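Construct the complete structure from the given sequences, taking the supplied hints into account.
Going down the list, the protein sequences come from chains A and B.
Counting from 1, one number per residue, gives the positions in the first sequence under this note's numbering.
Counting from 1001, one number per residue, gives the positions in the second sequence under this note's numbering.
To be clear, the hints were calculated from the coordinates, so they are not data collected in a lab.
Hints are supplied without guarantee of correctness; some may be wrong.
What follows is a list of derived Cβ distance ranges for each label pair [as the list claims (entries may be wrong)]: (1) B:1022 x A:269: 19 to 27 Å; (2) B:1229 x A:197: 54 to 62 Å; (3) A:117 x B:1119: 30 to 38 Å; (4) B:1024 x A:262: 49 to 57 Å; (5) A:114 x B:1171: 54 to 62 Å; (6) B:1235 x A:111: 52 to 60 Å.
Since this is a predicted model, take the numbers as computed values, not measurements.
The beta-carbon is built from N, C-alpha and C at its ideal position, and this holds for glycine as well.
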Amino acid sequence: MTTTVEPAAAGQSERKSGLARFARPVLGLIVPVGLALGWELAVRAGLSNGRLVPPPSVIFNTFAELARTGELQRHAAATLARVAAGFGIGVAVGTLLGAITGYSLFLRRLLDPTLQALRAIPSIAWIPLFILWLGIFETSKVVLIAVGVFFPVYLGVMGAVMSVDRKIVEVGRAFRLSGTAMVRRILLPAVLPAYVIALRSGLGLGWMFVVAAEFMGASEGLGYLLVDGQQLGKPAQIVAAIVAFAVIGKTTDWIVAAAAAPFLRWEDRFGARSEET
Amino acid sequence: MLALDRIGKTYANGVRAVDGVSLQVGPGEILAIVGGSGCGKSTLLRAISGLDTPSQGRVVLDDEAIAAPHEKIGIIFQEPRLLPWLTVAGNVGFGLEQRPRKQREELVANALARVGLTEKARMWPRELSGGQAQRVAIARALVPRPRVLLLDEPFSALDAFTRADLQDHLLGLWADTKPTLILVTHDVDEAIVLADRVMVMRSKPGRIFDEIPCDLPRPRDRQSAAFDFAKRRVLAALDRSLSRAATDPVESKTEAGAALWW
Ligand SMILES: Nc1ncnc2c1ncn2[C@@H]1O[C@H](COP(=O)(O)OP(=O)(O)OP(=O)(O)O)[C@@H](O)[C@H]1O
Ligand SMILES: [Mg+2]
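Encoded structure:
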């Protein structure tokens, strides 16, 4: 995605010629498109039957068929709803705990060791316990996703609050900002860039964990399509579901980045020159 | 009238940074503080600003004790410390949040015009040069019309030309409302160009070593003989303050009535 931080990129002095600007994204497409085309041709030429690794045309047909019957939309909506719920909870709790532990040394000493210990547990390991506690339906799935989202958000917010420049805070003090004004006018804007990064890594983990959650037994969702495809020997359906994951995951990430971009135009950092996400 | 009454500061690590500094600065007076590195100049300034509390003594401004940042006291740091997420205009208006929008915009526009940065109003701080950024910081500190403005080596990161330019800018702005200025500097020329009085500090512990009045007519000519003479006096005092076996500058003790008790 080159669209996320374009104002800063536009400030680049050297203007790319039209051709160069066009050629750069195309360069990245050569390998995947080449491989796909090559495989397609290989299957057409009879070099392989393409049963286990379906050629792009078969995947496309499967995708279209799933979309036509509405299956794809139903499963995607179920998965999206789980991610949204888990992400919402994970972000809320992670932001709150991250903010208070970043702000208060006492609370950091009190809470952080426990949270760090919990973080050391591979989150998938919670699945059996969550199923025992919360049943195999939606609650346990959403909680698992929330756990996955929580840690990057918590760590990101805590680190961001702790590393707010003391000199900038002092400017706020010199202008006699009250506690809430200090948070609103100094701390929030100062942590925003790191917060957006934390949200995006949280979201990435949310997408990872929804697959694990749906593997543990679901009757709908893209993860179900994966399991179903495996059990019934339909590799094209598996790849179609994978493609759907990629597209939706990337889109949600882009939405977060794009929503934050107008608030981050001031950023003065190395990566802002040519943001490649 | 700003009065310091036997200000002392001992940091948590036991360093006695400032010891028994008493001082009075009149309204509209410009006081320059010079002294070797680590002699407690910044510490003293931060105590006056209310950002740090002194371990002993009090700061009083117009019969009001200063224990925390006060609206009548503005401060400019060595770095511009602009808020990177606000435009230049947003930074200048930072201390005016309470004012009605119209009034705020007017004050900001005036202040920017005063420092010659009107066309930069909508830019981000990262798009400014060092000197421009420091001008924005000056405008930001002056726009709420403080009665006392503290400056901690405000121009030390700038080249000589820009520095002279900003000194003139500062004097122009000072003339608008005539606040008290207390300026910490390493640059004796700067002290002589700006100040009515130059205070020399010496370290371990940080104390007032000497005070040199400077009543050259304004605007001051950096090339004049009188300027040179004043500069020599300050340099001589600085020299003595830095030598280990410093002798009391007895002659100025009677003259300036400075606090020199050791
Ligand atoms: N936050 C602090 N904690 C402990 N000691 C400090 C602190 N700040 C300054 N000091 C010490 O206090 C003394 C005075 O420091 P200060 O910064 O006031 O000096 P200064 O005159 O401003 O020096 P410079 O001209 O280099 O800026 C120094 O010995 C310094 O090491
Ligand atoms: Mg200093």
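Hints versus structure:
1. A hinted range of 19 to 27 Å is violated for the C-beta pair residue 1022 of chain B and residue 269 of chain A, which are about 47 Å apart.
2. The hinted range of 54 to 62 Å is satisfied by residue 1229 of chain B and residue 197 of chain A, whose Cβ atoms lie roughly 59 Å apart.
3. A C-beta distance of roughly 56 Å is found between residue 117 of chain A and residue 1119 of chain B, which places it outside the suggested range of 30 to 38 Å.
4. At roughly 51 Å, the beta carbons of residue 1024 of chain B and residue 262 of chain A sit within the given window of 49 to 57 Å.
5. In this structure the hint that residue 114 of chain A and residue 1171 of chain B lie 54 to 62 Å apart at CB holds, the actual value being about 58 Å.
6. Between residue 1235 of chain B and residue 111 of chain A the beta carbons are some 57 Å apart, a value that agrees with the proposed interval 52 to 60 Å.
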